[in-house]
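Going line by line, the protein sequences match chains E and F. Mind the numbering: the first sequence is residues 1206 to 1513 in this note's numbering, read in order. Mind the numbering: the second sequence is residues 1206 to 1513 in this note's numbering, read in order.
Among the hints, a few may not be true.
Said to hold, decoys possible - Only pairs whose alpha carbons sit at most 30 Å apart, straight line, appear in this in silico DSSO-like list of lysine-lysine:
#1 F/K1326 - E/K1464
#2 F/K1439 - E/K1326
#3 F/K1326 - E/K1326
#4 F/K1461 - E/K1326
#5 E/K1447 - F/K1326
#6 E/K1364 - F/K1488
#7 F/K1470 - E/K1326
#8 F/K1283 - F/K1238
#9 E/K1488 - F/K1364
#10 F/K1300 - E/K1300
#11 E/K1316 - F/K1447
#12 F/K1326 - E/K1316
#13 F/K1300 - E/K1364
#14 E/K1326 - F/K1464
#15 E/K1364 - E/K1439
#16 E/K1316 - F/K1464
#17 E/K1470 - F/K1470
#18 F/K1316 - E/K1488
#19 E/K1364 - F/K1364
#20 E/K1439 - E/K1461
#21 E/K1464 - E/K1259
Hints in this document: simulated from the structure, not taken from any laboratory.
For reference, the chains in residue letters:
There are 2 protein chains.
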Amino acid sequence: MDYKILTSGRLSSDFKLFIKNYYPDIEIVEAKKDDEIESLLPEVNTIAGFNFLKDQDVSKIKWIHAFGAGVDSYLKLKTLNPDVIITRTTGDLGKQMGEFCLTYILAEVKKIFPIYDNQRKTTWQQIPASSLSDLNVLILGTGSIGMGVAQQLNDQVNKVIGLNRSGSPVDPFHETCSWETLSKIQDVHVVISALPSTPGTAAILDESFFQLFNDIIFINVGRGDAVDENVLLKVINLGQVKKAILDVFPEEPLPKDSKLWNSEKVLVSPHQSGLTTIDDVSKSFELAFKAIKNGGRNSLFVDLEKGY
Amino acid sequence: MDYKILTSGRLSSDFKLFIKNYYPDIEIVEAKKDDEIESLLPEVNTIAGFNFLKDQDVSKIKWIHAFGAGVDSYLKLKTLNPDVIITRTTGDLGKQMGEFCLTYILAEVKKIFPIYDNQRKTTWQQIPASSLSDLNVLILGTGSIGMGVAQQLNDQVNKVIGLNRSGSPVDPFHETCSWETLSKIQDVHVVISALPSTPGTAAILDESFFQLFNDIIFINVGRGDAVDENVLLKVINLGQVKKAILDVFPEEPLPKDSKLWNSEKVLVSPHQSGLTTIDDVSKSFELAFKAIKNGGRNSLFVDLEKGY
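Using the sequences and the hints, build the whole thing.
Structural data, given as structure tokens:
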């Protein structure tokens, strides 16, 4: 099959250059404005980018190469061809997100925000800090993102526990559990959601989930719709969550009227725990393209039924 | 020799309890107020604590067990007996200070203060972050503190270089240099001072030192008098230092009129990168006491000539 790619949005110019240099046989067009998307879409069979499509007809699209790890917005397209191939870019997102989690866990245990605030008030006051090495961390999701985060935290904390659907062991987690066996896990200090957005994970972190914990740091680097804003504020109020570090939200940018902005126990990060680079995109494109040509699959291929 | 200990200040009550429980043969008195120090001092031959002495006569004191790692203020006592034994507490200070350094380096590369400020302004704006793994870190001092910091950073950054007087290799530094060979070290991104305060290190980090670097993160967890405030502000202004993370100052608490409080490129931490615990103090006391009884020495013993 001959591919004709439409690309748009962040990294699209770099990606076009990459294709022209390394895959001169592949046709690629770049849309810089919305109306160009409309006019160019009917001429192509492949999409490459962070999702720039809305409700256009995409039934002729054979391959979508997502520049990010999350593909939920592509999967929601109504006219998606059932045989479409969707591949994604993970790159070193797991490593980046691991550094993000490590950063904010350290920020909490070392009390750097109160110290920063005190400086502005010219206040010299020691604030007892604690250590990473006593913490038990639960990571929801043991895929490439969850594994990357675990890798980063592994040597720093006491224990890293992974949660996946089957509860089967995965390296480098010290321990794993499933949703069914989760309640047996004791003494969790940090919960990190690396869950993708699928119909099965929407609002999955509900009040009964947070009831299993007390005084935890909750970090969301997965998808924002895994937890409802009001549930979060409620469990913070109940003391089940002492600090929520949120990099993802059901609606992004986070609406100005969200109560999360003003909560002292919430840190709003503008979806930047893992920012894909052109290197990530081109490497994953190469791996995906090679697999497609050979009629194979690899871990970059999205299972349309599972949704990730 | 029979020891009679005077203790005062932070951790003194816990230390008194420890001595009473584990060394019932040793006499210990605790001063809770300044005038009690005056009246109790003539009756003892041993001091235990963070330095609570000023200009009293200490010529009869045979042993000083410092609760911290820095002993410079003890060494400045004018009537110090030349045969006095001074021992100190390092405990896991190196590990704590390593976590402190890791925390603030991550805070810088992940831009968490601008993100925190943006939240207060309800501003959603991605700020490009970078990674730890490309950084080269120079640690001034390869003693227990410097080694602890190196241990923490070793697997996280590209390279950890240690500086000591002889330039001889020390584990776990990837590389070492001396003051004489320092100028040959290239591409340093972070400089951490773990220097003790001695006559030889006062103001040692002068303008010519900072001229060797460009756009570095400078962290001081050693002693404040290694660098003059005005030098620091000047090299920040010149762009040689892009951010200074200071946990120690020539005068503590940092005076209200110091210009460091208001510089956006300075983070003022109230001397808390390593806070000694009673466990640290009692462990180091036990090791020091055992060595003294056996007529030996160990790494907790301060060399009065070197000053650390």
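Exercise. Is it true that the CA of F/K1300 sits at most 30 Å from the CA of E/K1364?
Worked result: holds (18 Å)
Exercise. When you check the alpha-carbon spacing of F/K1326 and E/K1326, does it fall within 30 Å?
Worked result: holds (19 Å)
Exercise. Do the alpha carbons of F/K1326 and E/K1316 lie within 30 Å of each other, as the hint requires?
Worked result: holds (21 Å)
For this session: Quickly compare the C-alpha distance for E/K1488 and F/K1364 to 30 Å and report which way the hint goes.
Result: holds (26 Å)
Exercise. Within 30 Å, alpha carbon to alpha carbon, are E/K1464 and E/K1259?
Worked result: Distance of about 28 Å is within 30 Å: holds.
Problem set entry | Straight-line alpha-carbon gap F/K1300 to E/K1300, limit 30 Å | Given pair F/K1300, E/K1300 holds - Cα atoms ~23 Å apart, limit 30 Å.
Exercise. Does the structure keep E/K1447 and F/K1326 at a Cα separation of 30 Å or less?
Worked result: holds (22 Å)
For this session: Starting from F/K1283, check that the Cα of F/K1238 is at most 30 Å away, please.
Result: holds (22 Å)
Exercise. Holds or violated: are the alpha carbons of E/K1364 and F/K1488 at most 30 Å from each other?
Worked result: The hint holds at about 26 Å.
Exercise. Between E/K1316 and F/K1447, does the CA-CA distance stay at or below 30 Å?
Worked result: holds (22 Å)
Exercise. Taken at face value, is the distance from the CA of F/K1464 to the CA of E/K1316 at most 30 Å?
Worked result: holds (23 Å)
Exercise. Given the hinted pair F/K1461 and E/K1326, is their alpha-carbon gap at most 30 Å?
Worked result: holds (10 Å)
Every hint, counting from the list given before, is met by this structure.
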